[in-house]
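**Q** Chain by chain, the residues:
Protein chains: 2
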Amino acid sequence: MAIGYPNGKKRKVQTKDSVPVKNKMTNYGKRGMSLEEDLNETNAFYLAHERAVIHKKPTPVQIVRVDYPKRSNATIKEAYFKQPSTTDYNGVYRGKYLDFEAKETKNKTSFPLSNFHPHQMEHMKQILKQDGFAFVITSFSSLGVVYLTRFDRFLPFWERMESGGRKSITLEELQAHSKQIPYGLNPRLDYLSIIDTFF
Amino acid sequence: MAIGYPNGKKRKVQTKDSVPVKNKMTNYGKRGMSLEEDLNETNAFYLAHERAVIHKKPTPVQIVRVDYPKRSNATIKEAYFKQPSTTDYNGVYRGKYLDFEAKETKNKTSFPLSNFHPHQMEHMKQILKQDGFAFVITSFSSLGVVYLTRFDRFLPFWERMESGGRKSITLEELQAHSKQIPYGLNPRLDYLSIIDTFF
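Quick mapping for you: the protein sequence lines, in order, are chains A and B. The opening position of the first sequence corresponds to residue 1 in UniProt numbering, with each subsequent residue numbered one higher. The opening position of the second sequence corresponds to residue 1 in UniProt numbering, with each subsequent residue numbered one higher.
Quick caveat, the hints were computed from the structure, so don't treat them as lab data. Just so you know, not all the hints are guaranteed correct.
One copy or any two copies: either way a pair holds, since identical chains are not told apart in the list.
Claimed, not checked - Taking lysine to aspartate or glutamate pairs in the DMTMM-like style, the calculated list, with each CA pair at most 25 Å apart, reads:
1. LYS57 / GLU78
2. LYS125 / GLU41
3. LYS56 / ASP190
4. LYS167 / ASP190
5. LYS129 / GLU50
6. LYS82 / ASP67
7. LYS103 / ASP190
8. LYS129 / GLU41
9. LYS125 / GLU50
10. LYS167 / GLU50
11. LYS106 / GLU36
12. LYS70 / ASP131
13. LYS77 / ASP131
Bound-form chain A, shown alone (with noise of 0.2 Å):
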């Protein structure tokens, strides 16, 4: 991965192999940036509008060391990035309890489940047994098309990986299984406007 060099200018490094984070946002690492930039836009759109509460949860973080220079200016010298343990995104939408995961391929033919982690597939099974709704977002970023597949319709293709079959979902499998988010001006992906169908 090449990090520094974007649109040709040298990036200022502070220290050897060490990385300044341009964005606010969690944009080490390059996954699920675009689409998680475009859910956030959604969903302040949702918020303003009186739509539905809905947020991405902060990265966890394993905080080791802390200085206090001032009472007041508390700066984080050591951390570590921690497995989440459900879930990026949840909320209320008209009383109902929403909760999903929001992935991006480069891929064109399949999405690959290694974006997902086990706890994740165990935080959504109890979200089902709580009568929460509990679906998936998967962006094809090279095709520019993105699916919204409820959480029911998904865990069959994570159980078939379990018990020895293919490690990703072909393209063709979540057509079938999934309706398509379509992108517009605002909100970016009303997201909102699938589950309405389903209620």
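Start from chain A and add chain B according to the hints.
**A** Below, chain B alone, put in the same frame as chain A:
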């Protein structure tokens, strides 16, 4: 605030003005520690017994600099605490969306409203509009009592402060508008039993 010599033992301090974080959880600062532990254990109990799926959100952190000594082992070298835009806890209980904030005081006669932030109040207002159930848990650690207050009963005290009134809720007021959550062994703070009385 005294740091460094609990139980008469000298704690290892890594650098000047630098405080190692002992606990995996967010125990920088002193606010909310034991209440947070009680709630985390309670939520783990609910999860294990499939009574509800409720998680504390990770502490939001703005990451400024990440070191990648090895590709697989990213270390955050500079980050700052961000103010959360929501409450700390949410989840689903029998199809119902729950959302709450939990705070602790050492005071014995009133609960300071400075423990809460305006954006948390705005967030809980939005939750009510979406037919979610929002509430506040307040712990008087010196008294050993914990209250659950529905947000619609809590909000008037916040609004009283905003219109120039007192900056705290008296213990008597809280008692009149809340239900006490009894301490137990398992779960430690069975707040769902209080939620049940509301439906």
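**Q** Does each hint hold? Answer for all of them.
**A** Right, here's what the structure says about each hint:
1. Taking CA atoms no more than 25 Å apart as the test, LYS57 paired with GLU78 passes in both settings, with 21 Å inside one copy and 20 Å between copies.
2. Proximity of LYS125 to GLU41 under the C-alpha cut-off of 25 Å is restricted to the inter-copy arrangement: shortest distance 21 Å between copies versus 27 Å within a copy.
3. In this assembly of identical chains, the alpha carbons of LYS56 and ASP190 lie at most 25 Å apart only when taken from the same copy (16 Å versus 27 Å across copies).
4. When the C-alpha separation of LYS167 and ASP190 is checked against a cutoff of 25 Å, the pair qualifies neither within a copy, at 29 Å, nor between copies, at 41 Å.
5. In this homomeric assembly, LYS129 and GLU50 come within 25 Å of each other (Cα to Cα) only across copies, at 8 Å, whereas the closest approach inside a single copy is 27 Å.
6. In this homomeric assembly, LYS82 and ASP67 come within 25 Å of each other (Cα to Cα) both inside a single copy, at 21 Å, and across copies, at 15 Å.
7. Proximity of LYS103 and ASP190 under a CA criterion of 25 Å is satisfied intra-copy only: 16 Å inside one chain copy versus 36 Å between copies.
8. In the homo-oligomer, the alpha carbons of LYS129 and GLU41 lie at most 25 Å apart only across protomers (20 Å), although the nearest pairing inside one protomer, at 30 Å, exceeds that limit.
9. Proximity of LYS125 and GLU50 under a CA criterion of 25 Å is satisfied inter-copy only: 11 Å between copies versus 28 Å inside one chain copy.
10. In this homomeric assembly, LYS167 and GLU50 never come within 25 Å of each other (Cα to Cα): the closest approach is 39 Å inside a single copy and 29 Å across copies.
11. Proximity of LYS106 and GLU36 under a CA criterion of 25 Å is satisfied intra-copy only: 15 Å inside one chain copy versus 41 Å between copies.
12. Proximity of LYS70 and ASP131 under a CA criterion of 25 Å is satisfied in neither setting, with 47 Å inside one chain copy and 42 Å between copies.
13. Neither within a single protomer nor between protomers do LYS77 and ASP131 lie at most 25 Å apart by alpha-carbon distance, with minima of 41 Å and 41 Å respectively.
In this structure, the hints that do not hold are numbers 4, 10, 12 and 13, in rising order.
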